[in-house]
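Q: Now for the letters of each chain:
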Amino acid sequence: DTEVTQTPKHLVMGMTNKKSLKCEQHMGHRAMYWYKQKAKKPPELMFVYSYEKLSINESVPSRFSPECPNSSLLNLHLHALQPEDSALYLCASSQGEGAPYGYTFGSGTRLTVV
Amino acid sequence: QKEVEQDPGPLSVPEGAIVSLNCTYSNSAFQYFMWYRQYSRKGPELLMYTYSSGNKEDGRFTAQVDKSSKYISLFIRDSQPSDSATYLCAMLRGANSKLTFGKGITLSVRP
Chain A
-3 DTEVTQTPKH
7 LVMGMTNKKS
17 LKCEQHMGHR
27 AMYWYKQKAK
37 KPPELMFVYS
47 YEKLSINESV
57 PSRFSPECPN
67 SSLLNLHLHA
77 LQPEDSALYL
87 CASSQGEGAP
97 YGYTFGSGTR
107 LTVV
Chain B
15 QKEVEQDPGP
25 LSVPEGAIVS
35 LNCTYSNSAF
45 QYFMWYRQYS
55 RKGPELLMYT
65 YSSGNKEDGR
75 FTAQVDKSSK
85 YISLFIRDSQ
95 PSDSATYLCA
105 MLRGANSKLT
115 FGKGITLSVR
125 P
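Chains as they are written, first to last, in this note's numbering: chain A, -3 to 110; chain B, 15 to 125.
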């Protein structure tokens, strides 16, 4: 299995809703990442988990809350989002933090905040 | 100056053309160089990964790195309409570093 699986593929949520994005990989990768991508822009790093511990938080607002329940799963909990948070949210994994080989992205969750 | 600069697009070529995509970088600490392809509304797909100066070939794709000039390229031979996508160069300094992307270039291959 060489995939990073993200669910849901699409999500529409109101500004008062609470929702979660899920990411799963079974490649034995020990680093997992959340990225945000706006249209016609490259992905921007949000969070890095290394060996299930939060390693990097790129000054992301607290309305985004990551969680790594185990080495295969990564969640992103969303609460009180703003319309400007609408974007493609990408999960990625790699063998180790900053390891280039096999740095794999999922297909993303397209989030719309209304 | 941005750490990674990528040739602006968009780029449109006829089917069968050789495509050259280029990035330059300013930080000599970058050690690993990747090219990602991203189709519309999909996640980036790793195409090529290199870590030394020289060429690396995979089918119709060749990645070239020139560390002395801080310049990387991706060549696509016999381009196909299915190659139409956004191509992103990306670089890593090493372990525990962040992936730094170029802005991306949108390629369109006309049948």
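Simulated from the structure, these hints should not be mistaken for laboratory data.
Glycine included, every Cβ here is placed at the ideal spot set by N, Cα and C.
Among the clues, some could well be false.
Only pairs whose alpha carbons sit at most 27 Å apart, straight line, appear in this in silico DSSO-like list of lysine-lysine [stated by the list, open to error]:
hint, chain 1, residue 1, chain 2, residue 2
1, A, LYS49, B, LYS16
2, B, LYS84, A, LYS5
3, B, LYS112, B, LYS81
4, A, LYS18, B, LYS84
5, A, LYS34, B, LYS81
Pulled a few chain A residues facing chain B out of the computed Cβ check, cut under 10 Å [what the hints assert, rightly or not]:
hint, residue
6, LYS36
7, GLU40
8, SER58
9, PHE60
10, TYR99
Which chain A residues face chain B? A few, computed with CB under 8 Å, are given here [stated by the list, open to error]:
hint, residue
11, GLY10
12, GLU63
13, PHE101
14, ARG106
Q: Against this structure, judge whether each hint is valid.
A: Verification of the hints:
The suggested pairing of LYS49/A with LYS16/B is violated, with an alpha-carbon distance near 30 Å, which exceeds 27 Å. Among the hinted pairs, LYS84/B with LYS5/A is inconsistent with the structure: their alpha-carbon atoms are about 37 Å apart, more than 27 Å. At most 27 Å may separate the alpha-carbon atoms for a hinted pair to count; LYS112/B and LYS81/B meet this at roughly 19 Å. A C-alpha spacing of about 38 Å is found between LYS18/A and LYS84/B, which places the hinted pair above 27 Å, so the restraint is violated.
The straight-line distance between the Cα atoms of LYS34/A and LYS81/B is roughly 30 Å, outside the 27 Å bound, and the hint therefore fails. Annotation: interface hint on LYS36/A holds; nearest CB of chain B at approximately 8 Å, less than 10 Å. The restraint placing GLU40/A at the interface with chain B holds, with a minimum CB-CB distance near 9 Å, inside the 10 Å limit. Because the beta carbon of SER58/A sits about 21 Å from the nearest beta carbon in chain B, more than 10 Å, this interface hint is broken.
Interface restraint check: PHE60/A against chain B, minimum CB-CB distance 17 Å, threshold 10 Å, status violated. The restraint placing TYR99/A at the interface with chain B holds, with a minimum CB-CB distance near 6 Å, inside the 10 Å limit. A least Cβ separation of about 23 Å between GLY10/A and chain B goes past the 8 Å threshold, and the interface hint is therefore violated. Interface hint at GLU63/A: violated, since its Cβ lies 20 Å from the closest Cβ of chain B, which is beyond the 8 Å cut-off.
Checking PHE101/A against chain B by beta carbon gives a least distance of about 4 Å; that is within 8 Å, so the hint holds. Look at ARG106/A: its Cβ gets to within about 7 Å of chain B, closer than 8 Å, so that hint holds up.
Consistency with the previously given hints fails for numbers 1, 2, 4, 5, 8, 9, 11, 12, ordered from lowest to highest.
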